[in-house]
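Q: Read off the chains here:
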Amino acid sequence: MSLMSQTRSVIAMNVRSIPQRLWMSVATVVSIALVVAVLLGFLSLANGFNQTLKGSGAPDVAIVLREGSEAELNSTLSREQVDLLGRGPGVKVGADGRPIVSGELFLVVDGIKKSSRTKANMPLRGVGANGLLVRKQAKISQGRMFAPGSNEIVVGAGLLREFEGFELGKSVRFGAQTWRVVGVFEAPGTVFESELWADAPVVQSLFKRGTSFQTARVVLTSPGALPAFEAYAKSEPRLQLKAQSELDYYAAQAERSGLLIRYFGWPLGIIMAIGALAGALNTMYASVSSRAAEIATLRVIGFSGFSAFMGTMVEAMVLSAIGALLGVAICALGFNGLSASTLGAGFTQVAFRVQIGPEIIGQAVTLALLIGLVGGIFPGWRAARQKPLLALAA
Amino acid sequence: MSALIQLNNVTKNYRRGKEGIAIFDGLNLTIEKGDFVAIMGPSGSGKTTLLNLLGGTDRCDGGQIIFDGERIDGYSEGQLAAWRARSVGFIFQFYNLMPVLTAAQNVELPLMLTKLPARKRRDNVETALKIVELSDRAKHKPKELSGGQQQRVAIARAIVSDPKLLLADEPTGDLDRNTANDILRTLQQLNRELGKTIIMVTHDPEAARFANRTLHLDKGTFAEVTA
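If you read the protein sequences in the order shown, they are chains A and B. Take this note's numbering: the final residue in the first sequence is number 394, and no numbers are missing along the way. Take this note's numbering: the final residue in the second sequence is number 227, and no numbers are missing along the way.
Here chain A stands alone, though its shape is the one from the complex (with noise of 0.2 Å):
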């Protein structure tokens, strides 16, 4: 009881007397702010691509790629195993009576980033018929499908956040070849929004294609039907194909992708840290030796060196815990919802949305309060070890 009161007079000593070293406090809010800021920063871009790319993917849905091929980019598959797919076991059968299987185009074009006004790579989709029936987040938001087997494109709403001449209307042009706008689809949270989408067979046509295909995305009849599917994709002498849920293969990517920014990030926020440690460590043996009479004079009457340093300890704890909530104020308000794009998977932008959650929060929280617990934890153990002599008290 005496211990516990006696600690908590000391402690409400020292936070009330955090004025008294205003500034220098302040210093330390700020750069343990700065550390959570950049932190969370970096972690939010990370969890908003990883939240793109998780939920672009459908459990149901099975993406058939060339075996040994890691990506939509380099695959490539014939009209013949594209068909054959269609006859695969619990593949779903659509209104008309048949499969619904599409048979895919992912190509590489240039456009204008509205950010850095230079080029970067789009991905243009060549999808037929059931391109829409295969995606079922993705609708048409403005104007219209393009017509099957005219220069018409839709555009993912995403890339027209990020890219330069894609309004609903417009005409560019992609090697040779004039395009038309005359859709804008929504999809939201996926990659599908960075994306252009053209008539497959145009497409083949122009880019010189002939009749083959890079993926094909196959409904299935339910999640369980894909393991008997991936073994006939595999084990079917025509095919010799590599199937698998359309989730576990943006999984994988986000994964990959998600990992660099990550690594990026924290190594970055460590750095930050260690320096924000310091300054901590400078404010708070500042703060033991101002009080270095008022600590001795607390000793002589009789209080533990043991309050002397939760005094110590909590301020600090304080000062980190203030510089925490203000740092991710600064990224809530600065960043969360930004729009941004980065290389994926594939060498094409993808865009997404900044994104912070209750996980990074915590984690670049904790770094915050590591940095006050160490930073109290030396000069509280000094606070802890001054004499109770009557001349210090002096």
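There could be a bad hint or two in this list.
[Unchecked claim] Residues from chain B shown here face chain A by an in silico Cβ test under 7 Å; the list is partial:
no., residue
1, 66
2, 81
3, 85
4, 87
5, 98
6, 102
7, 115
[What the hints assert, rightly or not] What follows is a list of derived Cβ distance ranges for each label pair:
no., chain 1, residue 1, chain 2, residue 2, range
8, A, 357, B, 140, 18 to 26 Å
9, B, 203, A, 285, 33 to 41 Å
10, A, 271, B, 141, 23 to 31 Å
11, A, 22, B, 120, 35 to 43 Å
Derived by calculation from the structure, the hints in this document are not laboratory data. Bear in mind the structure is a predicted one, so any value in this text is a computation, not a measurement. Where a beta carbon is used, it is the ideal one built from N, C-alpha and C, also for glycine.
Put chain B on the given structure of chain A with help from the hints.
A: Structure of chain B alone, referenced to chain A:
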């Protein structure tokens, strides 16, 4: 009268580099209950060291320190801290009040080491402030008080837990003559009316006159000077 404090053959050494310096080499002292003793002496004579030993804030190297019949020289740090909280009130030259606390909160500090409930603590604080005639300044912070008033708050803090012994280290060293005399009269009153035993270290012969007797400390030994 019976003895409140007895120092028997106390030795205390300090190390300076490789050299050991003896501050006390067989010091003996008896302070009776209810006494008011002034300790004078030149700088470096060991006055503050003596006060630290008497107040249990430093340890002797040899001999015995007996307080109210109990040997305290063998106490652990924790035991000494508890003993100080219970038995000794300290008054410092520069008051040593906590700047962020009000007068009343400063006075309450030693009671935070007890198990007294909040209401009882408040009552005790009021009584202590009344004794030093500062009831009307209870809610003031130290910087809003004069030097004399701050020292009164410090005295209230020293007596609030009703200790048997008050140790004062140059309590008037930072005050003008008139204010110093007021403070010394308050100490005298605490000694005469409440029976507190007071040991006061001072450089000031005027201050020493308020004590019942004066001990002169020089090179680690006492010479009594009649009050």
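Q: Each hint: holds or not?
A: Against the structure, the hints come out as follows:
Here the hint on residue 66 (chain B) is broken, as its CB sits about 20 Å from the closest CB of chain A, past 7 Å. For residue 81 (chain B), the interface hint holds, since its Cβ comes within 7 Å of a Cβ in chain A; the closest pair sits about 5 Å apart. Because the closest C-beta pair between residue 85 (chain B) and chain A is about 3 Å apart, less than 7 Å, the hint holds. The criterion of a C-beta within 7 Å of any C-beta in chain A is not met by residue 87 (chain B), whose closest approach is roughly 10 Å, and the hint is violated.
The beta carbon of residue 98 (chain B) comes within 6 Å of a beta carbon in chain A, closer than 7 Å, and the hint placing it at the interface holds. The interface hint given for residue 102 (chain B) is broken, as the beta carbon of that residue sits about 11 Å from the closest beta carbon of chain A, more than 7 Å. A cut of 7 Å between beta carbons decides the hint on residue 115 (chain B): the least distance to chain A is about 5 Å, and the hint holds. At about 50 Å, the CB distance of residue 357 (chain A) to residue 140 (chain B) disagrees with the hint of 18 to 26 Å.
For the pair residue 203 (chain B) and residue 285 (chain A), the supplied restraint of 33 to 41 Å holds, since their beta-carbon distance comes to about 34 Å. The beta-carbon spacing between residue 271 (chain A) and residue 141 (chain B), approximately 43 Å, falls outside the hinted interval of 23 to 31 Å. A hinted range of 35 to 43 Å holds for the C-beta pair residue 22 (chain A) and residue 120 (chain B), which are about 37 Å apart.
In this structure, the earlier hints numbered 1, 4, 6, 8, 10 are contradicted, and the remaining ones agree with it.
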